[in-house]
Every structure is written in structure tokens, then in C-alpha cells.
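Chemist: In case you want the letters, here they are:
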Amino acid sequence: MARLATPTIALLTDFGTAGWYVACLKAVILRICPQAHVVDISHEIPPQDIPVGALTLAAAASWFPAKTVFVGVVDPGVGTSRRLLAAQADAYRFVGPDNGLLGLVLARAKRLSLVHLTNPRYWLPETSQTFQGRDIMAPVAAHLARGCPLRRLGVPVNRYQSLRLPPLQREGKSIRGCILYTDSFGNLITNLPVSLVADHAPVQVRYRRMPVRVVSSYAEGRDGELVALCGSSGYLELAIRNGSAAWRYQARRDEPVSVSRS
Amino acid sequence: MARLATPTIALLTDFGTAGWYVACLKAVILRICPQAHVVDISHEIPPQDIPVGALTLAAAASWFPAKTVFVGVVDPGVGTSRRLLAAQADAYRFVGPDNGLLGLVLARAKRLSLVHLTNPRYWLPETSQTFQGRDIMAPVAAHLARGCPLRRLGVPVNRYQSLRLPPLQREGKSIRGCILYTDSFGNLITNLPVSLVADHAPVQVRYRRMPVRVVSSYAEGRDGELVALCGSSGYLELAIRNGSAAWRYQARRDEPVSVSRS
Amino acid sequence: MARLATPTIALLTDFGTAGWYVACLKAVILRICPQAHVVDISHEIPPQDIPVGALTLAAAASWFPAKTVFVGVVDPGVGTSRRLLAAQADAYRFVGPDNGLLGLVLARAKRLSLVHLTNPRYWLPETSQTFQGRDIMAPVAAHLARGCPLRRLGVPVNRYQSLRLPPLQREGKSIRGCILYTDSFGNLITNLPVSLVADHAPVQVRYRRMPVRVVSSYAEGRDGELVALCGSSGYLELAIRNGSAAWRYQARRDEPVSVSRS
Chain A
1 MARLATPTIA LLTDFGTAGW YVACLKAVIL RICPQAHVVD ISHEIPPQDI PVGALTLAAA
61 ASWFPAKTVF VGVVDPGVGT SRRLLAAQAD AYRFVGPDNG LLGLVLARAK RLSLVHLTNP
121 RYWLPETSQT FQGRDIMAPV AAHLARGCPL RRLGVPVNRY QSLRLPPLQR EGKSIRGCIL
181 YTDSFGNLIT NLPVSLVADH APVQVRYRRM PVRVVSSYAE GRDGELVALC GSSGYLELAI
241 RNGSAAWRYQ ARRDEPVSVS RS
Chain B
1 MARLATPTIA LLTDFGTAGW YVACLKAVIL RICPQAHVVD ISHEIPPQDI PVGALTLAAA
61 ASWFPAKTVF VGVVDPGVGT SRRLLAAQAD AYRFVGPDNG LLGLVLARAK RLSLVHLTNP
121 RYWLPETSQT FQGRDIMAPV AAHLARGCPL RRLGVPVNRY QSLRLPPLQR EGKSIRGCIL
181 YTDSFGNLIT NLPVSLVADH APVQVRYRRM PVRVVSSYAE GRDGELVALC GSSGYLELAI
241 RNGSAAWRYQ ARRDEPVSVS RS
Chain C
1 MARLATPTIA LLTDFGTAGW YVACLKAVIL RICPQAHVVD ISHEIPPQDI PVGALTLAAA
61 ASWFPAKTVF VGVVDPGVGT SRRLLAAQAD AYRFVGPDNG LLGLVLARAK RLSLVHLTNP
121 RYWLPETSQT FQGRDIMAPV AAHLARGCPL RRLGVPVNRY QSLRLPPLQR EGKSIRGCIL
181 YTDSFGNLIT NLPVSLVADH APVQVRYRRM PVRVVSSYAE GRDGELVALC GSSGYLELAI
241 RNGSAAWRYQ ARRDEPVSVS RS
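Residue numbers (the working numbering), protein chains in the order written: chain A, 1 to 262; chain B, 1 to 262; chain C, 1 to 262.
A hint or two may mislead.
Heads up, the list lumps identical chains together, so a pair's fine if it works in one copy or across two of them.
Stated by the list, open to error - Here are the simulated DMTMM-like pairs of lysine to aspartate or glutamate, each with C-alpha atoms no more than 25 Å apart in a straight line: (1) K67 to D40; (2) K110 to D90; (3) K173 to E126; (4) K173 to E255.
Hints in this document: simulated from the structure, not taken from any laboratory.
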């Protein structure tokens with residue numbers, strides 16, 4: 001693999017793409033690290049929706065090259081005393097507010113170093129109370145991408161705000177999870193790991209008391225049939241072939257889905 | 001022109017931009033080919049809409065630099081027996097499912113080589129049944145961009161799934177086409193080539209039995225007037241100045257539009 | 001700071017991102033200047049909305065690196081006699097139609113050179129009447145990014161179409177401005193400079209005759225409370241914590257907002 005002459009910086013925000021906020025992040029990054037390759041993960045996290053932001057970041061991050069710097073800005077507490085963090089988590093670096101947004105990616109790290117961003121030398125000269133993504137997080141990420149060591153950015157800390165996803169519950173022979181996320185196709189992604197169905201032992205999946213047939217590709221579903229399958233992020237998902245399960249069932253986040261040995 | 005030290009990889013999908021699917025494609029590409037310049041054509045192809053995907057790809061592709069690698073993922077058959085293809089078509093490379101999505105760009109190629117992607121050496125080590133864009137197509141595209149010869153990716157094939165656009169019909173002195181696509185301004189793009197009106201011989205354009213005045217720029221239209229003009233993609237289009245013809249007429253794909261010598 | 005081996009070209013249009021128009025701009029740029037780093041400011045300017053385009057460009061531009069080339073295409077007069085311009089404005093270059101879109105960024109320049117784009121040597125070989133962003137503006141921007149001097153692009157001109165934002169009005173002890181823009185969070189950005197409230201002298205902000213409490217961060221607002229604060233672009237804005245002021249008040253552009261010394 002070629003040397004990373006172009007360090008990757010990946011962005012995740014709830015800014016939307018109509019206005020100038022995302023461009024400000026990129027502009028600030030390019031001033032400091034012109035050779036950076038800036039990649040958008042998503043800017044359409046629902047405003048202030050930390051759990052969806054955390055899930056999206058965690059689902060995307062592990063596919064990126066080693067040394068990628070991730071910047072997450074879903075930050076309803078901007079300008080308050082909530083801390084800003086930078087982390088080295090295994091081969092990746094993360095920058096974001098300490099509000100749970102980084103909770104999932106940091107929790108799965110085997111090796112983790114954390115700093116509280118306190119060194120203004122790596123920020124813009126003037127910082128606002130309303131856009132610290134631009135004023136602090138983007139410049140810090142760009143400095144990391146240029147090779148600045150984590151420890152220079154502030155003081156080491158040991159704790160970060162975790163994010164607790166709804167836990168799986170065992171009920172007799174069945175395991176109950178729930179819907180975590182609806183994707184752009186209307187597929188319903190659950191918190192049930194695919195290992196629960198992947199060993200080919202017969203299982204029964206249920207949603208709203210309906211049995212849901214387990215298939216191995218979207219196209220195996222019949223017209224309008226709700227099916228369950230091993231989703232690409234490692235979780236069981238419910239889907240309708242060439243249709244939207246979310247729309248058809250007006251599905252809601254946190255609704256239960258269960259898997260039982262039959 | 002400078003040497004393409006930064007090979008271009010252009011992406012077209014129906015993934016939307018809210019979730020992490022597009023980021024996964026880019027992340028996988030950058031792991032394999034960090035110097036790639038990844039350009040989004042569109043990620044807002046309507047879900048599973050192969051004809052709109054094919055049109056959009058064909059409208060964009062010929063403007064790109066030689067050697068660009070295009071990845072098209074509108075793939076309702078993911079995980080079934082439909083084949084994945086890579087093609088060298090004149091100066092461009094294309095990667096996508098063999099379902100018609102590549103039908104227009106391959107049909108116009110003067111020189112064409114096709115392979116069925118069968119060599120897992122150029123895929124991710126593990127592949128899913130639900131996201132072969134990430135697991136097979138993105139890595140293959142990145143290897144092509146790095147210089148991997150097409151023939152190594154699989155076995156040569158001679159046929160691909162074509163895509164038949166609605167044909168033009170001659171009716172006496174008139175030629176009848178139809179609406180193919182509505183753009184973001186609400187302009188109605190037809191399948192009638194601009195050569196039918198571009199030679200300045202007087203013609204009459206009709207839509208829903210109304211005569212439509214032919215103009216040469218959007219601004220020539222009067223308030224609310226439907227006009228016809230030579231669109232930038234080489235086809236006649238219907239438009240309303242500073243308005244949306246699609247909305248005003250609740251226009252539908254496939255509706256007839258005719259041109260006749262007067 | 002590293003040498004700009006990758007010149008930045010920043011794009012702002014009203015094209016939307018579903019179709020192929022943005023991709024055409026990028027493709028043409030990459031043909032001429034493959035090493036360019038192309039950054040999207042926004043492609044979701046409301047169709048033909050020159051004031052919103054001008055505001056968005058002005059809000060984003062000053063954060064970019066020196067030498068950035070900006071291309072603005074909100075161009076209802078495409079194909080008519082309206083001129084296309086390129087400008088050197090302090091450290092930046094701008095390319096766009098002479099219709100007010102560049103009005104704000106050019107007005108604040110201390111040093112300004114302008115040319116009317118008349119030299120077809122720097123355009124695509126064939127140009128349409130309907131997509132001069134692709135045929136003229138994108139290639140001109142790419143040539144600028146490669147180092148082509150401004151003066152070669154056409155004939156010098158002295159005037160450009162200005163854009164007049166609604167002026168502030170003094171009424172006794174109060175200054176009346178208005179809402180200019182609604183951002184993606186539903187925050188209402190006014191034309192009242194933050195200097196009016198930033199010196200900590202007590203002031204009263206009013207919107208629809210309601211007094212609006214001035215706070216220093218979004219999170220200081222109480223549930224559902226409309227607050228005023230110093231926005232990140234240098235203007236007073238009205239906001240609701242974790243909510244949308246625009247939606248709650250069905251706010252309209254140009255509605256008055258006033259600040260008075262109490």
C-alpha cells in the first residue's frame with residue numbers, strides 16, 4: 001500500500017449541506033493541512049441526535065485507513081463546560097465533544113489515549129461560543145493529520161462520556177433486541193448481532209408478534225414481504241425487497257425485535 | 001495537462017448521503033489507493049431505479065478525464081446470481097452490476113473489454129450478501145485506479161445487460177419522443193436529440209397537445225411560459241424560466257413530446 | 001504551512017446534488033487541473049436565489065486558504081447578455097456571473113481586479129447556452145488554479161453588479177435589522193452585527209414585539225425559549241435550544257429584529 005502522503009480526515013456532523021458550516025470546517029482544515037484528503041461520512045445526522053451520530057461514526061470508522069482522523073460535531077452543548085476531546089484509539093484518531101458521540105468508537109478500542117483539548121495554540125486565534133467545530137475541532141484535526149502528537153493538544157484524561165445502546169434481553173429461549181436505525185432504503189437495523197442467526201441453526205425472528213422469514217439477500221424477499229437478513233454492519237436487519245420497511249410499518253426506533261431458537 | 005498522479009474514481013449510487021454507506025465505499029477505496037481523487041456523481045438515484053442511474057452515469061461520464069474509474073451501485077439484485085462486471089470502454093473504466101446500470105455507457109463505446117468479477121484476490125477478505133459495493137466493487141475500482149489490468153479481475157465476457165430507452169417514433173411529419181428525466185430545476189429532459197431543432201429550420205414542439213415555443217436560453221421564456229430548448233446534455237428539454245415545469249404540469253416520466261417540421 | 005501543491009477550487013451552485021450537473025463541473029475541472037482539491041460549499045442554494053447564494057459564498061469564503069478559486073453558479077440569465085466575470089479580490093479568485101452573486105465578496109475586497117470572460121481559449125471548445133458553468137466557468141477556474149494570470153481570461157472591467165442587503169435602520173435608541181437567512185438548525189441569522197451586543201452593555205433584543213433574552217451559547221436557552229446570541233458568522237441570531245426557531249415561529253426572510261440600549 002502506498003504511503004499516506006494524503007492523510008485522510010473524515011467528517012461527521014449534524015450541519016446539513018445547504019449552508020456554509022461544512023465548508024468552514026473543510027476550509028480551516030485545508031489552511032492548516034492542504035494535503036489532507038477530506039471525506040464526508042455524513043452531515044445529515046438529525047440535529048443534536050447523539051446516538052445516531054455515534055452509531056453512524058462507529059459503522060463507518062473501521063473501514064477507513066489506519067491513521068485517519070475523524071472529526072465528529074454533534075454538539076448541543078457547544079460553548080458550555082462540556083469538554084472537547086481528542087483520542088488515539090488503536091490506529092485511528094478522533095476529535096469531538098465529550099457527550100457520548102465518541103462513546104461507541106472509544107469503547108471498542110483496545111489501546112486508548114485521551115486528551116482534553118486545552119491548548120489554544122492548535123485552535124484558531126479567535127474562538128466563538130457557537131461554532132467550536134470550526135474554531136477548535138477542525139484545526140486540531142488538521143494538526144493531528146500533519147503529525148502533531150496527541151499529548152500536545154491538552155491534558156491527559158482517563159474518562160469519557162460513554163453511550164449506552166439498549167441492551168439485549170434474554171427471555172427464555174429468545175433474545176430480545178430493538179430497532180436502532182433506519183437506513184436510506186427504509187431497512188430497519190437492529191442491535192441483534194448477526195452471529196445469532198448466522199450459524200444456520202433454525203431461528204425464529206419476530207417483529208410486532210409477526211414471524212419474519214430469514215433470507216440471505218434482499219432480492220429473496222417476495223413482493224411486499226418483510227424479511228430479516230444479516231446486514232452489512234454486522235446486525236440483523238428487517239427489509240422489504242425494493243420497498244421501505246420503515247415506511248410500510250411506520251417503524252420506530254427502539255421497537256423490539258426478537259430472535260429465538262425454534 | 002499534468003500527469004494523473006491522482007487517478008479519479010467517480011461514484012454513483014442510490015445510497016443517499018445520510019448514512020454511512022457512501023463513506024464505506026470511499027474508506028475502502030482510500031485504503032487501497034490513498035492517492036485517488038474520489039468524486040461523487042450522485043448518491044440520490046431513487047432507490048433501485050436503474051434507468052435513472054444509467055442516464056445519470058451516461059450524462060456525467062463523458063466529461064471526466066481519460067482513465068477515470070466509474071463505480072455504479074444501483075443493485076437490487078445484490079447477493080443473487082446477477083454478475084458484477086468491470087469494463088474498459090474507450091478511455092474509461094466502469095465497475096458495476098450487470099443489470100442495465102452500465103447499459104448506456106457501454107453501448108456507446110467504440111472499444112470495449114468486459115470481465116466478470118470472479119477473482120476474490122481484488123475484493124475485501126470477507127464479503128457480505130448485502131453490500132457488495134463496499135466488499136467487491138469499491139476495492140476492484142481502487143485496484144484499477146492503481147493500475148491493475150482489467151483481465152486480472154476475472155474472466156472475459158462478451159455480453160452485458162443492455163438498457164433500452166424508449167425509442168423515437170416517426171408519425172408523418174413529426175417525431176415523437178418522451179420525457180426521460182426531471183432535473184433539480186424541474187426542467188423536463190426528453191429523448192429528442194437537439195439536432196432535431198438545432199438547424200434553425202422552423203419546427204413545432206408539442207406537449208399535451210400544446211405548442212411549445214422554442215427558445216435558446218431559459219431567460220427568454222416569459223413568466224410562467226413553458227418553453228423548449230436545447231439542453232446541455234444534447235436533448236431537447238421543456239422548462240419554465242425561474243420556475244419548475246415538472247411541478248407546474250405534474251409531469252411524469254415517459255409522457256410524449258413531439259417535434260414536427262411546420 | 002505547506003506549499004499549495006493542491007490548489008483549492010470551491011464550488012457554490014443551485015444545482016442540487018441528485019443529478020449530474022455538479023459532477024460535470026468537477027469533471028471539467030479535473031481534466032484541466034487534475035491536482036485540484038475541489039470543495040463543495042453548497043449546491044443547495046434555492047434555485048435562482050442570488051441573495052442566498054451571495055450570503056453563503058461570503059460567509060464561507062474568508063475561511064479558505066489564500067489562492068482558493070471560488071466558482072459561483074446561480075445563474076438565471078445563462079445564455080443571455082449578462083457577463084461572466086473573474087476577479088482577483090485580495091488573496092482569493094472568484095468566477096461567476098455578473099448578477100450580484102459575487103456582490104458581497106467583491107465589495108469587501110481591499111484590492112480588486114476584474115475581467116469580463118471573453119477569451120474562449122480558456123473555455124471548452126464548444127459552449128452551450130444553457131450550462132456555462134460547465135462550459136466556461138469551470139474551465140476558467142481550473143486554468144486560474146493552474147496559474148493562468150487573470151488578465152489573459154478577458155478584458156478588464158471596472159464595475160460589477162452589487163448586491164444590496166437590507167440596510168440597518170436607526171429608530172431613536174434602537175437599531176432595526178432583519179432576518180437574512182435560516183440555517184439548517186432553524187436558527188435565524190440577522191444582519192445585525194454582533195458588535196451591537198458584544199460589549200456587554202445591557203441591550204434589549206426584540207422580535208415580533210417580544211423581548212428576546214441574550215445568551216452566549218445555544219445551551220443556555222430554556223426549553224422552547226427563543227434566545228438571541230452572537231452567531232459564528234458575526235451576526236446576531238435567534239435560536240431555540242435543541243429546536244428550530246424558524247419552524248416554531250414560521251419565520252420569514254426580511255422580518256424585522258431590533259436591538260436597543262435599555
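Chemist: Each hint: holds or not?
Modeler: Here is what the structure says about each hint:
{"no.": "1", "hint": "K67 to D40", "result": "both (16 Å within a copy, 23 Å between copies)"}
{"no.": "2", "hint": "K110 to D90", "result": "within (6 Å within a copy, 48 Å between copies)"}
{"no.": "3", "hint": "K173 to E126", "result": "neither (59 Å within a copy, 30 Å between copies)"}
{"no.": "4", "hint": "K173 to E255", "result": "within (19 Å within a copy, 56 Å between copies)"}
Consistency note: the structure conflicts with earlier hint 3 alone.
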